[in-house]
Amino acid sequence: MRASRFSFTRLRAQFIKEVLSILRDPRSRMVVFVPPILQLLVFSFAATLEVRNIDIAVYNQDAGRWSHELLQRLASARFIARVHHVDSQRHLRELIDRGAVIAALAIPVDFSRTIAAGDSGRAQVLVDGRRSNSGQITVAYLSTIAADVGAGVVPDAQAPTPVVVRHWFNPNLVYRWFIVPGLTGILALFSALLITSLSIARERELGTFDQLLVSPTSTAEIIISKSLPALAIGTLLGLFMISAGIFLFAIPFTGSFVLLLASLVLFILSVVGIGLMISAVSMTQQQAILGAFAIGVPAVLMSGIATPVENMPVVLQWLAQAIPLTHFLVIVEGSFLKAMPAGDILANLWPLAVIALATLTLASVFIRGRLQ
Amino acid sequence: MQPASAVAATGAGEGAAVVIEGLDKHFGSLRALRSLSARVHYGRLTGLVGPDGAGKTTLMRILTGLLVPDAGRVALAGYDVVRDNDAIHVVSGYMPQRFGLYEDLSVMENMRLYAQLRGLDAERNAGLFAELLDFTRLAPFTTRLAGRLSGGMKQKLGLACALMARPRVLLLDEPGVGVDPVSRQDLWRMVQALTDEGMAVVWSTAYLDEAERCQSVLLLNQGQLLFDGPPGELTAQLGERSFRLENAGARRRALLTRALELPSVSDGVIQGAGVRLVLRKGADSAQLRELAGQAQVRLAAVPARFEDAFIDLLGGGPGGSSALAERFAPVELDSDIAVSCHQLTRRFGDFTATDNVSFEVHRGEIFGLLGPNGAGKSTTFKMLCGLLRPTSGEAQVVGHDLRRASGAAKARLGYMAQKFSLYGLLSVRQNLEFSAGVYGLEGDTRRQRIAEMIDTFDLGGWLSATPDSLPLGHKQRLALACALMHRPPVLFLDEPTSGVDPITRREFWTHINGLARKGVTIMVTTHFMDEAEYCDRVAMLSRARLIALDTPDALKRITAEAGHAEPTMEDAFIHLVESSGREPEVAA
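Chains as they are written, first to last, in my numbering: chain A, 1 to 372; chain F, 1001 to 1588.
Incorrect hints may have been included.
[Said to hold, decoys possible] Far from chain F, some chain A residues (derived; all Cβ distances over 10 Å):
no., residue
1, Ala13
2, Arg24
3, Asn53
4, Glu69
5, Ala75
6, Asp110
7, Pro216
8, Trp318
9, Ala339
10, Pro341
[Unchecked claim] Not the full set, but computed from the structure, chain A residues with beta-carbon under 8 Å of chain F:
no., residue
11, Arg5
12, Arg10
13, Lys17
14, Ser21
15, Asp25
16, Arg29
17, Ser218
Derived from the structure by calculation, the hints contain no laboratory data. Cβ coordinates follow ideal geometry from the N, Cα and C atoms, glycine included.
Bound-form chain A, shown alone (with noise of 0.2 Å):
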């Protein structure tokens, strides 16, 4: 028997065995299969910044046209599901108290009045700052209404000039069009690093990584082992939210797929390598899961999902570079919206090269560590 530096045959028999203790391993197959099938239900369900199916309450003291008018449109407003008339300020306070409403509307008794005199008419918005973001949201729809009752009456220039905001690639601000993609990157990161710290971790607590050490295979053929299929199945993730985000949520995908997928890999790569690195410093499992969302979610914090990424002090804006995700977000964003050209594309997808080669060669050095 020759002992080569590189035998395809073991690494077949180690690829085949990597694929079914995934596979097999129930803690495995969670990582695997739940989370895209849960975010796909939360973000096509749930998950919103928008404000919809909320009740009001109005406390109408005028009788007049103006009034009218403001009451009707609160009504066929499509984001109004319910509104409650009250008689008093008191009942008001009471149904806000209670949770039964978002936002109040008091109209005082001289509204109409003030309208038909040429003033703009004033009228009180009480908002439960209990629900902040969703409340000041329906404050901002609510004025829009009022304006155009507003200026329904005085059409003519008396008002400023209002300034026309347009939002290119996402002219309607559908939050998932700008969600999805990036969903894409966060679930193959935490998919391909929790499968790969695992994977390590998994033969050390089970005795076989001695095993696997005495016998002839090498260090090479050990890494590129537990990465194909923790980047396959990462790749078929990312696929699968792509698709989800162009089929189910009709994203329009204006970019390149070609070059989508050359960065998904690369991304995966880079990960994968971590992933391997948390593992050969991890002695069980338990330590592996800890090191992966330790490392994983200030990742994601810092990738500029959340907070763009200029917004950070410099020094951060340095550690973000090194994050893989950061450079990601942008390609498959870009891809999915702007239809980014592939000099574009290819300026982030070399940095993501970079931190793959050098996490992959960290991971080696590591796992060699391991035979000290």
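Got chain A; can you put chain F on it based on the hints?
Relative to the frame of chain A, chain F by itself:
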């Protein structure tokens, strides 16, 4: 203490520490205990003995109130274990099989924690702490993390914690596993002192030399009580059926195989240069005398051991021929030296784990590596099989330097570890296929070898099961099959039978003896002194240095010359380690 429950009031339990009556316990379809009745007395060390799966741990857990029996009842110190569960925790101390202490806390912190869990005030019980530390000789290590203690020290700390509440009944679940003879000696001394004070101590074990030292023994097999009484009584039942073929030398393995094939022989093991044999009940020694005559060795009647009686009671040991070895092609090597190391040294920071160790192992030799916990035994072993790089010196396997040609050296060695190192998530067949693949076997050779291993080790009925669901014996066979898939000329065994019962151990050594006869070189580390008897030569390590290297019989002779009459391998071990311990002081 006033017995509270009706059990004691019946008068049946008067004077007994533990009264077990008609105990039954099922786990699914498995009957772990079958109508078991027994007594344990105060002031006595009672051994709970039996092969793997006999129900020892189940019984222990029922005694401590951790499991509820399906039928029957148990009274411990007069309290019913089910009804007076809270009282049980006060009157009993329990040391579980796996180190039940917090590895990230220091020795002292662990003791404080256990004191507080027992409702004792650590500050006010400073006297108790000092006493326990003195008793366990752990006083110099109070600030050391429990996870960094050696196996023997962990057991002592576990014992100290179990003794915290001054229990009347102490339950120890396999305290001797993974503990070297020197530390085990310490444990015995402590338990002896406790029983002298009137405490009842239950010591469960699969090691029969331990059982022999107990004052009373409960022998379990498949959930049934086979024997209850002093071990000497069982040994006496065997009568004059133990023999030894003296000074068989190099032929002893062949002799053992032949002897075990005789219908009149029920059990046999290698003991140094001799072969120890036990006759079946009612058989006479004619066949043995004939065998001895053919081989021209002396047949001597020897006093029976507890182990002889134990195996006999269980129906005798396994046969002597190894289907594995029969199929194994004889090993041919270019040189007679299979494994060698020269001035092998390994340092971890300031600490030298292995210091200038040199030896040569011949082809077909069974070579044992022995030493107390922390003596550098496993460090040396790991360097020899390529798991650890030496700081200086060199190690060779079949002529390949492990540093320069590690791939070539690794392709020629097989390795089997204590935990069996099988992939628990893969099926038995997938495990076999993996080990064939990782050693580069392809195509027909691969299919043939796997089929051969399945056939040899009788694994056919288990192919789609996971290794963890296998009975211990089959699990061990699978591990051996995986380690031997590539037919290595050298086999490394790292405490291969730790925690394994005597019957399974015999089967294992039958294979190993057969392999050695085919020219396979066996390197083995062990804490188990009976296993050292199987070795051709034994290297003793103590404090990182090689202190002795000779045949087991020669090591026993050295001990005999120092004044021990009829020393066992265990006596030899303790003598060698203790006499080497004095040297550094002389040198200083």
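Status of the hints after comparison with the structure:
no. : hint   : result
1   : Ala13  : 2 Å, violated
2   : Arg24  : 4 Å, violated
3   : Asn53  : 46 Å, holds
4   : Glu69  : 69 Å, holds
5   : Ala75  : 61 Å, holds
6   : Asp110 : 73 Å, holds
7   : Pro216 : 4 Å, violated
8   : Trp318 : 35 Å, holds
9   : Ala339 : 45 Å, holds
10  : Pro341 : 46 Å, holds
11  : Arg5   : 7 Å, holds
12  : Arg10  : 5 Å, holds
13  : Lys17  : 5 Å, holds
14  : Ser21  : 5 Å, holds
15  : Asp25  : 5 Å, holds
16  : Arg29  : 11 Å, violated
17  : Ser218 : 7 Å, holds
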